[in-house]
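Using the hints, position chain B against chain A.
As you go down the protein sequences, you meet chains A and B in turn. Okay, so the first sequence: first residue is 272 according to our numbering, each after it adds one. Okay, so the second sequence: first residue is 786 according to our numbering, each after it adds one.
Fair warning: there could be bad hints in the mix.
Simulated restraints on C-beta separations [as the list claims (entries may be wrong)]:
#1 733/A with 1095/B: 18 to 24 angstroms
#2 1044/B with 733/A: 34 to 40 angstroms
#3 758/A with 1062/B: 56 to 62 angstroms
#4 597/A with 970/B: 37 to 43 angstroms
#5 874/B with 632/A: 20 to 26 angstroms
#6 1064/B with 733/A: 29 to 35 angstroms
#7 597/A with 1064/B: 57 to 63 angstroms
#8 975/B with 528/A: 55 to 61 angstroms
Hints listed in this document are in silico derivations from the structure and should not be mistaken for laboratory results. Please read all numbers here as calculations on a predicted model, not as lab measurements. Where a beta carbon is used, it is the ideal one built from N, C-alpha and C, also for glycine.
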Amino acid sequence: MFSKVFSADICGVDAYPICVEADVSGGLPSFNMVGLLSSEIREARDRVIRAITNSQIDIPPRRVTINLSPASLRKQGSGFDLPIAVALLSALGIINMEKTEGRLFIGELSLDGSINKVNGVLPICMMARQQGFKSVIVPKDNAFEGSVVNGLEVYSAGTLSELIESLNKDSLNPVSKIDLGPVLDRAYTESSLDYGLVKGQEKAKRATMVAVAGFHNLLYIGAPGSGKSMMARCIPTILNRMSVEECLEVSRIYSVIGKLKDNSMVLHRPFRAPHHTTTDTALIGGGSNPRPGEITLAHKGVLFLDEVGEFKRDVIESLRIPIEQKSIVISRVSRQARMPADCMLVLATNPCKCGFYPDRRLCRCTDADVAHYMSKIKGPIMDRIDICAGTARVEASRLSEEMDGMTSEYMRGRIAAAQSIQRERFRDVGISYNSQIRQEDIDIFCPLKDPLKDLLNKAYKKFNMTARGYYKVLKVARTIADLEESRDIQKNHLLEAISYRNIY
Amino acid sequence: MTTDEYWYWLCNIENVWQQDLDRLFSIFDSPEEIYKVQPYQLKELKILTADQIKALYRSRNEKKIVEKLNKLYKEGIRFVHKESSDFPERLKIIEGCPYSLYVKGQLPDNDRHAAGVVGARSCSRYGREMTEVFTKELAVRGVDIISGMAHGIDSISARAALDAGGRTFAVLGSGLNVIYPRENIELYYEIILKGGGIISEYPLDTPPLGWQFPHRNRLISGLSDILLVMEARKKSGTLITAGFALDQGKDVYALPGRVDDPLSEGCNKMIADGAGVLLSPEYLIEDFLGRYAPGSREKAEIIFAEDEQDIKVIYLLLDRDGMDINDIAAKAGRPLEDVAAALTELELKGLTKEISRGVYVGTK
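Okay, chain A solo, but in the shape it has when bound (with noise of 0.2 angstroms):
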């Protein structure tokens, strides 16, 4: 007897449905698996078999071949276990035929016949709605990936008899539907941390809000202790929330890495702050089977790098062309991954050596200092940054202040206010924010009065500045005016915005 059954496989964060073909036939008795496997799944075989004769089955003495095809593709991971062995009984006749059809089922055995959790469940149900499968069979500790995909039946089983019996008498546990919306508010202002607590850093916080507000990399500079860190650690309470779909989008990255905590998405735009004695590969992924990186995990949040002069250089190097294309490709020899990677990059470092550049009392480093320090951050990285900002070091007197400036709330206000006109404007191009302009948009999007194009020209000669900085500025500008709400580029928010540029 032949049968087939669908399960998926995972590649980068994307899945990709797998047939599983059980055929049992006559001559010596044996228990064949076929199909480019990886050696998790040739173990299979055994918790297949175990879990089948723990349930109070028998398998007969056949020749049994299992075939999971597209046979070209290298398949990896345990979730194989469930499929083999619904396949396997479809095809002896315990499993009615009919009722696997249309369904995918995934999940790992365990030898007692229990069906165990797995990753990327969330992908896998998002794939299967999209290639139009009836239902999605998940192991029930994956249940809650489940339930947020709509369009979809999913059913969750505990115990390979369970999901036996429940098959054959179309009796199978449904997953409820949760709305992700109402959640999602919830989990929106909670949050200890808040820019009212960050005292005496007006100007960094005004500099933040104008990153966030148009979506621009941010860079910081200051001394040790003055707050780098911490500005940085607040910029997830003024990110606007998450869509239904970012967080389905996000909370899959999650799932494929099996990093979805306490059984609930991802509820937070995620804020990523690797060490910097990280990997080029832990940052941007990679791997024989590409896994998601840092920059990946960050995606549609923060990829925070602290003393980004002590990463190694190529490992900052090896951001360039993820941060510009907002993903990343990862090519193997057989098979190529595309992960999302659209995330805001925030920087911070010292300026100098000892850190207290140019404060003399504590700083003695030389010119020649200063300047090596700071070329182990320029070039290439530094371009991809918007908006430098410098964070400062605050008398005593004003730390014991009570809350004052701007509070996280009111920040997010204003952005959100930034950003909705963004939104208006850019409706028809298919970007969101001012800092995606493309260089040929930027005369459309971003056009100065004669007198203030007569001042930009002022200060790139002056300053010194790069063609790439000649728009930084103008994007900037933009995303003030957009703060301010006004509907042209004023002269005070080009010098703003000159004021953010980099100086390094």
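Chain B alone, transformed into the frame defined by chain A:
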């Protein structure tokens, strides 16, 4: 051949150096005499080695000499020798006065004040700023600034003099057409363009060899009336220059620094040994020029137009130590974004400088 051509020939013989010429001139009176002397006579004198004598006779090609000198003029380079009318008077009296100079642009006037400014190549921010302050005060009063166009203090003083509208001269340690360090190419041409000059005692194409730098330092001090030492380590080329200046009888001023700062060690030592102290620009000007006329800082009233009063308020708050923009805004009682805009505008006018992100100093 003309006197100039004889001189040019004599100063461009391969491997014949200044000390060889010194010895030749103890016997001969002019280059022309040397040109016409016979090989066996020279050999008998035992002043030059056999190789040098060979080179001397090989180079006696009148056509080539004239051609080369004309080529020099065509490139806008002047060849000045000890007997030229425009050879700097100040140099004639120093020990080791070169027999000839190559000049692009002007030479310092004999009757105009000149100050040499020297210091460490890798200087601190303190050294940089003080160099700017002192140089500007001198330059706006018409004092020529002499330096070596090296990295650090040298270039900073040249730049500051130009920015203040003054004249500056650079004495190179390489051939005139070898611009070293390379980054200073812009400065090189600006010095010439703004009425100053580039000077070298070395023939064209001479590479910047290490020993030539301390050697040319005697010309920096020699061309100056006073020497300002901005920052110097205990053992440094700067101190060599100061040594030359003292030997030449020039006044030397040193910039005091922190006791435990290696970059100030040389300066502090010089002060202990009796050098003048750069207490303040006012003090220097009075000591050097005899009187102090108010500088440009007081001109703030004139710099700003009627409609620029709001940025003037910000400008008057600034100091030389550097103020954080948050503090400036707090003092001015104005919103940050306005202050940021005002500071950028001031910077465009050249009245402030952002020395580190968000930290501004007032200039002028």
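Residue 975/B paired with residue 528/A, Cβ distance criterion 55 to 61 angstroms: Holds, at about 58 angstroms.
Beta-carbon spacing of residue 874/B to residue 632/A - inside the hinted bounds 20 to 26 angstroms or not: violated (47 angstroms)
C-beta pair residue 597/A, residue 970/B: status relative to the range 37 to 43 angstroms that was hinted: Once the Cβ atoms are compared, 40 angstroms apart, the range 37 to 43 angstroms for residue 970/B and residue 597/A holds.
Distance restraint evaluation - residue 597/A, residue 1064/B, Cβ atoms, bounds 57 to 63 angstroms: Cβ of residue 597/A to Cβ of residue 1064/B: about 59 angstroms, so the range 57 to 63 angstroms holds.
Verdict for residue 1044/B, residue 733/A (Cβ pair) under range 34 to 40 angstroms: holds (38 angstroms)
Cβ distance range 18 to 24 angstroms for residue 733/A and residue 1095/B, holds or violated: holds (21 angstroms)
Supplied distance hint 29 to 35 angstroms, evaluated on CB atoms of residue 1064/B and residue 733/A: Roughly 33 angstroms apart at Cβ, these two residues keep to the hinted range, so it holds.
Residue 758/A paired with residue 1062/B, Cβ distance criterion 56 to 62 angstroms: holds (59 angstroms)
Checked against the numbered hints above, the structure breaks only hint 5 and satisfies the rest.
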